[in-house]
Amino acid sequence: MPHISLRNLTITYGDLEVLKGVTADIPDRQVTTIIGPSGCGKTTLLKSLNRLLDLNEDARLYGEILMDGINTYGQNTDILALRKTVGFLSQRPYPLPMSIYDNVAFGPRIHKLSRYEILNQIASVEKHGLLAQCSVENLFQMDMKKKNVEMDILVECYLRLSGLWDEVKDRLHGSAAQLSVGQQQRLALARTLAVGPEVILADEPTSALDPLSSQLIERQIKILKNLYTIVVVTHILRQARRIADHVIFLYMGELVEDGPADQFFDSPKDDRTRAYIKGTIS
Amino acid sequence: MQWRYAKDWCASVSIRSSLILVNLIAFIIVFVLFMKAEPILRIQSLGHLLFSSSWHPLKGQFGFLSFIVGTLEVTAIAMVLSIPVSLLSAIYLSEYAHKYFKGLVRLMLDILAGIPSVIYGLCGVIAIVPFVHSLGGFFGNPTTGYSLLAGGIILAIMVTPVIISVSMEVLAAIPDEARTSSLALGTTRWETVRYVVLKGSLRGIIAAIVLGFSRAFGETIAVLMVVGNVAKIPTSLFDPAYPLPALIANNYGEMMSIPLYDSALLFAALVLLVLVGAFGLVANITLSRLTKKGYYFS
Ligand SMILES: Nc1ncnc2c1ncn2[C@@H]1O[C@H](COP(=O)(O)OP(=O)(O)O)[C@@H](O)[C@H]1O
Ligand SMILES: [Mg+2]
Numbered sequence: 001m002p003h004i005s006l007r008n009l010t011i012t013y014g015d016l017e018v019l020k021g022v023t024a025d026i027p028d029r030q031v032t033t034i035i036g037p038s039g040c041g042k043t044t045l046l047k048s049l050n051r052l053l054d055l056n057e058d059a060r061l062y063g064e065i066l067m068d069g070i071n072t073y074g075q076n077t078d079i080l081a082l083r084k085t086v087g088f089l090s091q092r093p094y095p096l097p098m099s100i101y102d103n104v105a106f107g108p109r110i111h112k113l114s115r116y117e118i119l120n121q122i123a124s125v126e127k128h129g130l131l132a133q134c135s136v137e138n139l140f141q142m143d144m145k146k147k148n149v150e151m152d153i154l155v156e157c158y159l160r161l162s163g164l165w166d167e168v169k170d171r172l173h174g175s176a177a178q179l180s181v182g183q184q185q186r187l188a189l190a191r192t193l194a195v196g197p198e199v200i201l202a203d204e205p206t207s208a209l210d211p212l213s214s215q216l217i218e219r220q221i222k223i224l225k226n227l228y229t230i231v232v233v234t235h236i237l238r239q240a241r242r243i244a245d246h247v248i249f250l251y252m253g254e255l256v257e258d259g260p261a262d263q264f265f266d267s268p269k270d271d272r273t274r275a276y277i278k279g280t281i282s
Numbered sequence: 001m002q003w004r005y006a007k008d009w010c011a012s013v014s015i016r017s018s019l020i021l022v023n024l025i026a027f028i029i030v031f032v033l034f035m036k037a038e039p040i041l042r043i044q045s046l047g048h049l050l051f052s053s054s055w056h057p058l059k060g061q062f063g064f065l066s067f068i069v070g071t072l073e074v075t076a077i078a079m080v081l082s083i084p085v086s087l088l089s090a091i092y093l094s095e096y097a098h099k100y101f102k103g104l105v106r107l108m109l110d111i112l113a114g115i116p117s118v119i120y121g122l123c124g125v126i127a128i129v130p131f132v133h134s135l136g137g138f139f140g141n142p143t144t145g146y147s148l149l150a151g152g153i154i155l156a157i158m159v160t161p162v163i164i165s166v167s168m169e170v171l172a173a174i175p176d177e178a179r180t181s182s183l184a185l186g187t188t189r190w191e192t193v194r195y196v197v198l199k200g201s202l203r204g205i206i207a208a209i210v211l212g213f214s215r216a217f218g219e220t221i222a223v224l225m226v227v228g229n230v231a232k233i234p235t236s237l238f239d240p241a242y243p244l245p246a247l248i249a250n251n252y253g254e255m256m257s258i259p260l261y262d263s264a265l266l267f268a269a270l271v272l273l274v275l276v277g278a279f280g281l282v283a284n285i286t287l288s289r290l291t292k293k294g295y296y297f298s
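Same order as they appear, the protein sequences are chains P and X. The numbering used here puts the first residue of the first sequence at 1, with every later residue one more than the last. The numbering used here puts the first residue of the second sequence at 1, with every later residue one more than the last.
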């Protein structure tokens with residue numbers, strides 16, 4: 001598990017300083033939520049963690065983001081490997097233009113994971129007992145001589161892990177674009193998990209969803225934190241209370257306060273935090 | 001309340017009648033062409049008209065094969081030259097280029113697309129014909145330069161800006177989330193373009209190509225100026241050719257004293273129309289085949 005630390009992180013878009021010297025640690029295998037009003041730099045911070053920020057031509061970054069002590073913005077970073085390790089769920093899900101099955105298999109195919117790697121990856125998920133009603137023995141009873149059977153197993157495994165399996169098991173080869181937005185978001189989750197990341201970033205993953213679908217996503221996040229380090233951006237305070245183990249509060253690009261969720265919500269230290277929790281600033 | 005229903009009714013009627021009008025015009029064009037071409041069809045069999053290359057109007061021999069072959073070959077050469085360049089350019093501009101550069105190129109493409117075809121023709125005569133002439137010499141194929149290849153090149157130059165512009169719009173319609181979602185899995189830029197962006201916009205890209213080449217089939221002046229206009233089936237790229245639009249434009253109204261000539265030219269127009277129609281149809285069938293094979297378009 002990589003340990004993520006931000007050291008004096010400053011990010012600018014042209015003249016606009018979006019993040020101002022943020023220093024924080026992100027605890028392993030917990031849900032960290034980044035909260036703060038719209039435009040305070042939450043998305044920018046999140047995207048810098050797996051260098052999706054590189055896509056933005058105007059963005060400049062100063063300071064360091066350390067993973068296991070190594071600066072990810074250093075010279076020798078393998079960006080593809082970094083993004084494989086640090087997955088990202090966007091605000092609006094986008095099903096890749098292919099079938100549901102291929103959406104999940106896309107990443108493993110691109111990375112040319114071998115049968116051995118795939119089965120290993122699934123075994124490590126199974127170890128945590130997260131695949132309800134689907135033990136690996138069950139899966140492995142499939143005909144192992146069949147071509148690409150490991151991919152079938154992988155697709156089922158991650159669709160179960162993202163809580164989508166029961167809804168799509170009969171139409172795996174149908175178009176992913178026909179799913180509801182809520183289902184698409186869970187498919188995006190399965191797709192992200194399928195490449196075997198260690199960290200999952202999610203940018204307001206429920207903001208485009210109805211309450212029921214949001215609940216499903218929140219439930220999956222709580223299950224998955226046993227296995228992954230999860231960072232969720234949200235501007236919904238109640239959601240943060242429900243899922244957070246650790247909170248980072250940004251206000252106008254500054255880190256105002258961070259700490260364990262109980263402490264953050266029950267005894268905030270900063271006036272701005274108190275005001276934000278009470279709802280007097282937003 | 002009644003008034004709003006009345007307005008709604010008016011809107012429906014005018015929307016529908018515009019559509020009917022447009023379709024009606026297409027129908028009338030086909031009908032008139034057919035009526036006018038009918039005399040020659042009565043005298044010569046369709047097979048003979050389409051598959052004979054003997055073109056001797058004075059002797060009453062109207063074989064269109066060399067014109068049909070000329071049209072298809074000029075268009076095919078233009079496609080081969082233009083499609084790879086257009087698509088790669090569109091991909092570069094949409095996926096790789098800096099936005100200022102993109103704006104600049106967009107402006108230039110608009111200008112290029114707006115240049116009258118006669119000017120392209122002139123440039124063809126001045127630059128491309130001599131170029132093909134020396135190219136022919138180089139390959140041991142003496143040629144005047146007025147040839148199939150010159151026609152194909154000029155046509156490729158003309159459709160390229162159109163295909164680039166339309167393809168750029170199509171690629172721009174793919175939301176950024178698509179790219180982010182794919183890149184976030186650790187794919188390279190090219191893998192994302194290849195498997196996500198292009199795949200998601202395949203339908204639109206094919207539409208862009210069809211649009212470009214429906215124009216190419218019928219493009220007349222520029223091609224006519226460089227293609228040589230000899231009614232013989234070309235045997236090499238350096239031979240002259242005579243596409244259907246050039247035949248019609250060169251002769252309609254000129255040699256009308258020859259019996260059946262007028263009917264023959266209108267038959268040529270009909271053939272051209274059918275070719276363009278068939279091209280569009282093939283593109284559509286290809287698309288539905290792809291959809292059946294498991295390509296999904298969003
Ligand atoms: N591509 C960009 N170019 C310039 N400014 C941007 C860009 N993206 C975001 N910003 C600005 O950066 C600030 C922070 O944006 P963002 O990180 O998206 O905030 P949040 O996710 O908290 O709403 C906002 O003021 C926004 O206008
Ligand atoms: Mg945001």
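It is worth saying that the hints were derived from the structure and are not from the lab. A hint or two may mislead.
Said to hold, decoys possible - If you only want the chain P side, here are some residues facing chain X, beta carbon under 8 angstroms, derived:
{"no.": "1", "residue": "Leu52"}
{"no.": "2", "residue": "Arg60"}
{"no.": "3", "residue": "Leu80"}
{"no.": "4", "residue": "Ala81"}
{"no.": "5", "residue": "Lys84"}
{"no.": "6", "residue": "Gly87"}
{"no.": "7", "residue": "Ser90"}
{"no.": "8", "residue": "Tyr94"}
{"no.": "9", "residue": "Pro97"}
{"no.": "10", "residue": "Ser114"}
{"no.": "11", "residue": "Arg115"}
{"no.": "12", "residue": "Ile118"}
{"no.": "13", "residue": "Arg191"}
{"no.": "14", "residue": "Val195"}
{"no.": "15", "residue": "Glu198"}
Unchecked claim - Below, simulated DSS-like cross-link-like pairs (lysine-lysine); rule was C-alpha separation at most 27 angstroms, straight line:
{"no.": "16", "chain 1": "X", "residue 1": "Lys199", "chain 2": "X", "residue 2": "Lys36"}
{"no.": "17", "chain 1": "P", "residue 1": "Lys112", "chain 2": "X", "residue 2": "Lys199"}
{"no.": "18", "chain 1": "P", "residue 1": "Lys20", "chain 2": "P", "residue 2": "Lys112"}
{"no.": "19", "chain 1": "X", "residue 1": "Lys102", "chain 2": "X", "residue 2": "Lys232"}
{"no.": "20", "chain 1": "P", "residue 1": "Lys169", "chain 2": "X", "residue 2": "Lys99"}
{"no.": "21", "chain 1": "P", "residue 1": "Lys127", "chain 2": "P", "residue 2": "Lys147"}
{"no.": "22", "chain 1": "X", "residue 1": "Lys99", "chain 2": "X", "residue 2": "Lys199"}
{"no.": "23", "chain 1": "P", "residue 1": "Lys269", "chain 2": "P", "residue 2": "Lys127"}
{"no.": "24", "chain 1": "P", "residue 1": "Lys147", "chain 2": "X", "residue 2": "Lys102"}
Every residue gets a Cβ at the ideal spot worked out from N, C-alpha and C, and that includes glycine.
**Prompt:** Does the structure keep Lys127 (chain P) and Lys147 (chain P) at a Cα separation of 27 angstroms or less?
**Reply:** holds, 25 angstroms
**Request:** Report holds or violated for the interface hint on Arg191 (chain P), using the least CB-CB distance to chain X and a cut-off of 8 angstroms.
**Result:** holds, 7 angstroms
**Message:** Checking one constraint from the list: CA of Lys20 (chain P) to CA of Lys112 (chain P), max 27 angstroms. Satisfied?
**Reply:** violated, 40 angstroms
**Message:** Does Ser90 (chain P) hold up as a contact with chain X if the rule is Cβ-Cβ below 8 angstroms?
**Reply:** holds, 5 angstroms
**Asked** Does the CB of Val195 (chain P) sit less than 8 angstroms away from some CB of chain X?
**Response** Holds: closest Cβ of chain X sits about 5 angstroms from Val195 (chain P), inside 8 angstroms.
**Interface hint outcome for Arg60 (chain P) [beta carbon to chain X under 8 angstroms]** = At 16 angstroms from the nearest chain X Cβ, Arg60 (chain P) fails the 8 angstroms test, so the hint is violated.
**Prompt:** Do the numbers back the hint for Tyr94 (chain P), that is, is its least Cβ distance to chain X under 8 angstroms?
**Reply:** Interface hint status for Tyr94 (chain P): holds (4 angstroms vs cutoff 8 angstroms).
**Asked** Any CB of chain X closer than 8 angstroms to the CB of Ser114 (chain P)?
**Response** violated, 16 angstroms
**Request:** Let me know if the C-beta of Glu198 (chain P) comes in closer than 8 angstroms to any C-beta of chain X, holds or violated.
**Result:** With a closest approach of 12 angstroms, the Glu198 (chain P) hint is violated.
**Request:** For the pair we were handed, Lys199 (chain X) and Lys36 (chain X), check the Cα-Cα distance against 27 angstroms.
**Result:** At roughly 45 angstroms apart (the allowed maximum being 27 angstroms), Lys36 (chain X) and Lys199 (chain X) break the hint.
**Hint validity - Leu80 (chain P) Cβ closer than 8 angstroms to any chain X Cβ** = holds, 5 angstroms
**Asked** Are the Cα atoms of Lys269 (chain P) and Lys127 (chain P) separated by 27 angstroms or less?
**Response** Violated: Lys269 (chain P) and Lys127 (chain P) sit about 40 angstroms apart, past 27 angstroms.
Violated hints, listed in ascending order, are 2, 10, 11, 12, 15, 16, 18, 19, 20, 23, 24; each of the other numbered hints is respected by the structure.
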